[in-house]
Amino acid sequence: MNFIDRLIPLASLAMGCSLAIMPSVSAQPEAVQGSSSELRPLQSSILSMSGASQVMDEAIAAISAKDYEVAVAKLQEARQVYNQLSNFHLDLANSFQGLDNAVYDAERRSAITAGEMRDTATYRLALVHRVQEKPELAVPLLIQVIRSQSPASDLGEKAYQQLLEIGFVNREFTRPTF
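In terms of the numbering used here, the sequence shown opens at residue 4 and continues consecutively.
Mixed in with the good hints, there may be bad ones.
27 Å max Cα-Cα, derived DSS-like pairs, lysine-lysine [stated by the list, open to error]:
no.: 1; residue 1: Lys69; residue 2: Lys161
no.: 2; residue 1: Lys137; residue 2: Lys69
no.: 3; residue 1: Lys137; residue 2: Lys161
Quick caveat, the hints were computed from the structure, so don't treat them as lab data.
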């Protein structure tokens with residue numbers, strides 16, 4: 004089940020609500036009661052690092068089972084979710100820049116972590132395409148990884164090596180030592 008399919012039951016549920024039974028919304032927010040552990044409904048949602056990691060685990064299991072079609076679908080879903088998480092956390096970080104440095108730093112770190120996981124899912128998707136003998140699908144994914152991570156990173160260097168093995172590039176790359 005993809006991300007959109009998981010949202011459809013929620014949307015249809017919301018559409019079925021009558022305005023007569025919906026509580027009135029006041030202009031002033033009410034104080035939230037309860038412990039902070041009760042206020043974390045996204046922790047088990049697809050729109051969380053743990054939810055995206057679960058999709059990634061499903062992709063890895065499909066790769067191990069050589070079910071490459073399922074692996075492709077799961078890796079594409081993981082890429083989408085990690086990308087959304089990265090963008091959302093970056094947007095939040097930018098909103099707090101100059102207002103609260105602790106929130107800014109925490110959200111920026113979350114954006115970077117989600118971006119790194121997106122790039123890992125992208126790299127794995129490219130490898131699956133190589134196994135499927137579809138290098139033309141792997142090339143743009145590998146270039147995305149290099150552009151995002153830099154050729155000097157571990158993942159960027161691996162992505163460039165894949166491009167060399169595919170025959171898209173002809174020149175070896177040796178990561179500079181600083």
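The hints, checked one at a time:
Restraint check for Lys69 and Lys161: the C-alpha separation of about 22 Å stays at or below 27 Å, so the hint holds. Taking the CA atoms of Lys137 and Lys69, the gap is near 15 Å; set against the 27 Å cutoff, the hint holds. For the hint linking Lys137 to Lys161, the alpha-carbon distance of about 18 Å falls within 27 Å, and the restraint holds.
Of the numbered hints listed earlier, not one is contradicted by the structure.
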